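Kindly generate the complete structure, drawing on both the sequences and the hints.
Protein sequence lines correspond, in order, to chains Z and D.
Number 368 in my numbering belongs to position 368 of the first sequence; there are no gaps in the numbering.
Number 265 in my numbering belongs to position 265 of the second sequence; there are no gaps in the numbering.
The hints are simulated quantities; they were obtained by calculation from the structure and are not laboratory data.
Be careful, since some hints might not be right.
Identical copies carry no separate label here, and so any pair may be met within one copy or between two of them.
[Stated by the list, open to error] In silico DSS-like pairs for lysine-lysine, Cα to Cα no more than 30 Å straight-line:
id: 1; residue 1: K382; residue 2: K369
id: 2; residue 1: K370; residue 2: K382
id: 3; residue 1: K234; residue 2: K128
id: 4; residue 1: K240; residue 2: K382
id: 5; residue 1: K240; residue 2: K367
id: 6; residue 1: K240; residue 2: K128
id: 7; residue 1: K370; residue 2: K234
id: 8; residue 1: K234; residue 2: K382
id: 9; residue 1: K370; residue 2: K240
These numbers were taken from a predicted model, which means no experiment stands behind them.
There are 2 protein chains.
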Amino acid sequence: MKIEAVDFWYLRMPVVEDIGDGSQDALLVRVSGGGQEGWGECEAAPVTSIAAAYAPMSHEACKPVLDGVIGATLDDPDDILRLSRRQRRICMDHLQAPHTWSGIEIALWDLLGKARSAPVWSLLGHRKVFPKRAYASVLFGASPQDTLQNARQAVAAGFTAAKFGWGPFGTAGVEADRDHLLAAREGLGPEAMLLVDAGQIFDRDVEAAAERMAALEDVRAGWFEEPFGGECHKQYAALKARFPNVPIAGGEAAHSVEMAEHAMEFGRVDFIQIDTGRIGGIGPASAVAEMARQGGIQFVNHTFTSHLALSASLQPFAGYEAFDLCEYPANPKQLARDISASLQCDADGLISASEKPGLGVDVDLAKLKKYLQQVEISVNGKILYSTPPI
Amino acid sequence: MKIEAVDFWYLRMPVVEDIGDGSQDALLVRVSGGGQEGWGECEAAPVTSIAAAYAPMSHEACKPVLDGVIGATLDDPDDILRLSRRQRRICMDHLQAPHTWSGIEIALWDLLGKARSAPVWSLLGHRKVFPKRAYASVLFGASPQDTLQNARQAVAAGFTAAKFGWGPFGTAGVEADRDHLLAAREGLGPEAMLLVDAGQIFDRDVEAAAERMAALEDVRAGWFEEPFGGECHKQYAALKARFPNVPIAGGEAAHSVEMAEHAMEFGRVDFIQIDTGRIGGIGPASAVAEMARQGGIQFVNHTFTSHLALSASLQPFAGYEAFDLCEYPANPKQLARDISASLQCDADGLISASEKPGLGVDVDLAKLKKYLQQVEISVNGKILYSTPPI
Chain Z
1 MKIEAVDFWY
11 LRMPVVEDIG
21 DGSQDALLVR
31 VSGGGQEGWG
41 ECEAAPVTSI
51 AAAYAPMSHE
61 ACKPVLDGVI
71 GATLDDPDDI
81 LRLSRRQRRI
91 CMDHLQAPHT
101 WSGIEIALWD
111 LLGKARSAPV
121 WSLLGHRKVF
131 PKRAYASVLF
141 GASPQDTLQN
151 ARQAVAAGFT
161 AAKFGWGPFG
171 TAGVEADRDH
181 LLAAREGLGP
191 EAMLLVDAGQ
201 IFDRDVEAAA
211 ERMAALEDVR
221 AGWFEEPFGG
231 ECHKQYAALK
241 ARFPNVPIAG
251 GEAAHSVEMA
261 EHAMEFGRVD
271 FIQIDTGRIG
281 GIGPASAVAE
291 MARQGGIQFV
301 NHTFTSHLAL
311 SASLQPFAGY
321 EAFDLCEYPA
331 NPKQLARDIS
341 ASLQCDADGL
351 ISASEKPGLG
361 VDVDLAKLKK
371 YLQQVEISVN
381 GKILYSTPPI
Chain D
1 MKIEAVDFWY
11 LRMPVVEDIG
21 DGSQDALLVR
31 VSGGGQEGWG
41 ECEAAPVTSI
51 AAAYAPMSHE
61 ACKPVLDGVI
71 GATLDDPDDI
81 LRLSRRQRRI
91 CMDHLQAPHT
101 WSGIEIALWD
111 LLGKARSAPV
121 WSLLGHRKVF
131 PKRAYASVLF
141 GASPQDTLQN
151 ARQAVAAGFT
161 AAKFGWGPFG
171 TAGVEADRDH
181 LLAAREGLGP
191 EAMLLVDAGQ
201 IFDRDVEAAA
211 ERMAALEDVR
221 AGWFEEPFGG
231 ECHKQYAALK
241 ARFPNVPIAG
251 GEAAHSVEMA
261 EHAMEFGRVD
271 FIQIDTGRIG
281 GIGPASAVAE
291 MARQGGIQFV
301 NHTFTSHLAL
311 SASLQPFAGY
321 EAFDLCEYPA
331 NPKQLARDIS
341 ASLQCDADGL
351 ISASEKPGLG
361 VDVDLAKLKK
371 YLQQVEISVN
381 GKILYSTPPI
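Set out below in structure tokens:
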């Protein structure tokens, strides 16, 4: 088929709070061709990502992300890989491009899967899917008591693993952090897996992270995630060398295969967390999953938005039995719930990629009207982008 | 003083060609405060960078780049470093942000320098400036004969070093590349320094780059620049290990101190090329210059736009005697020439940072009216950005 159209919709909650909750807005992408539609989602900063899709060319290696997409052939996974290679070249100096491309690329896989009546994971070469243990991804509470409640809620909802992140962690002192960690462990009970996400709060400060490691060991943290900036591989490796018993997770900021590769090789993370909505989509994420397998590192998704994004992020590692954890946004905003039907966990708290064609997730635009943001970008009176009607 | 206003202007040549010439458009930034004005320039994709400045918040770590800038205090270099640290935190998931911030940060240094009647390099702690050998940065010609002419022009203009890049290099076979390299050497004569810029054309393909190394040795290339993608540190190191006699240059794509650090440490480049318009401005570039000194690596600017950008890119290494090369856009488009007066080389082809306050470069907006692009970005009818009148 030929790719006939690419459309973007910026959706937003009526109130966006200044908290580490990525489900408060969304940039949906629809790719149309051959009488079908494919859907994808870009992570964060919708207006900037839309601008990158349509911005006028600066030079040979700084073109709009959409350049050359409409009219291109899409019959085969190789067509997507070819378009991705081209995009990397023409947007070399267009920094936002990988985030914009991610949503388009995901939609291309969804479209191809629907055209072929095949789930995306099968197009990636996986023969079957393996269930993953869904961990509830929630924020630390404002107080340890709130964190305790959040933990109890996760257990009550059937999760056997939960991750606590952001909120006050790292900002109110070592003892305050210990109190939150103890509360989380208490709320989860002794059996559930407890994961901790520092949200890059220590940036480049290895000592500040090191001060939290005793408490993390005490609560038997399954991992300590993103203590440092996304590219601070040397700091990650330094912390690992000092505290070999606490697994380290990172990589969600990766906007290229290389950045993820470096987090594994130079940063020595134990878990590589990939967001398909940032790294350039499902193809690059799949390449990282295979690198992780070869390196004996655990691949896991990063997802803090909708179940469309969750389905996309499951595809690259759906067929790896050893990669048995999955980040599951447990308390997303209503917007994220309304984008698509949810992927349900089974009674054991396990989740699997859908067997349906494409991503196996339907998007009902009509339901999203109330969240729609009307965006217009023009240059010299010529409209480059205007939100398409729903 | 308080920062009172930040303004952006997108300027563009009437025709932007599909060539590797970064001087075809510009995003100028003016920061006003205390009755003075500071100027900066962001590298590439002006509409995307403007969008990043004003895009609505997605969450705690994905805010508009301008958040918290207007009204902030600017009395001291530490104020700029503090604003940069804050920007890094609030724009963690806003990929374009470092490019946008670069122009603002440069303008902050210019403003502070003017307020203090001191050149920026002195605010960075340098006691004096050392002259740099300006190398003419030009594109390969369409044919070897054109490349020969380009080389002769550079010599005739007084340059003792020249760099050839982009154009057909890497796309038409090993022999064609050799012909261009021989033509460049012939045109420059035996004495001048010949530098070669592959413009990332081989991306991840070490073998393809390796095939060019014999010709590069034959023409005594002073360096081979960016054979691979900006983050392909392992490929850089692999090529270096196989061909230790050809110096390798890279780093212009760095949008963080870490990325530059990795190019040096993991990529083993001999020359680290930093664009202050991408890495987050003059502060991060200065940090890289000091790392380079400690690592015995040569720091050099990357500049392919205006002399405002050139002046900004000179500041971080102005005071290092050992860093004695400077990229000099030899044939920029008229737009780039009109943005500011040129920094002139002396009779020996040497260039030095200005002794005047700030960046020492005046921008005459009135002269730029004909290049002005009228941009408007709105969400739900509310205008986030509209090009300010000149």
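Evaluation of the provided hints:
1. Taking the closest pair of Cα atoms, K382 and K369 come within 30 Å of each other both inside a single copy (26 Å) and across two copies (19 Å).
2. Taking CA atoms no more than 30 Å apart as the test, K370 paired with K382 passes in both settings, with 27 Å inside one copy and 17 Å between copies.
3. Proximity of K234 and K128 under a CA criterion of 30 Å is satisfied in neither setting, with 37 Å inside one chain copy and 33 Å between copies.
4. In this assembly of identical chains, the alpha carbons of K240 and K382 never lie at most 30 Å apart, being 53 Å within a copy and 48 Å across copies at closest.
5. In this assembly of identical chains, the alpha carbons of K240 and K367 never lie at most 30 Å apart, being 46 Å within a copy and 56 Å across copies at closest.
6. For the homomeric pair K240 and K128, neither the shortest alpha-carbon distance inside one copy (34 Å) nor that between copies (42 Å) is at most 30 Å.
7. When the C-alpha separation of K370 and K234 is checked against a cutoff of 30 Å, the pair qualifies neither within a copy, at 45 Å, nor between copies, at 48 Å.
8. Within a single copy, K234 and K382 get their C-alpha atoms no closer than 47 Å, and across copies no closer than 44 Å, so neither meets the 30 Å cut-off.
9. For a Cα distance limit of 30 Å, the shortest separation of K370 from K240 qualifies neither inside one copy, at 46 Å, nor across copies, at 56 Å.
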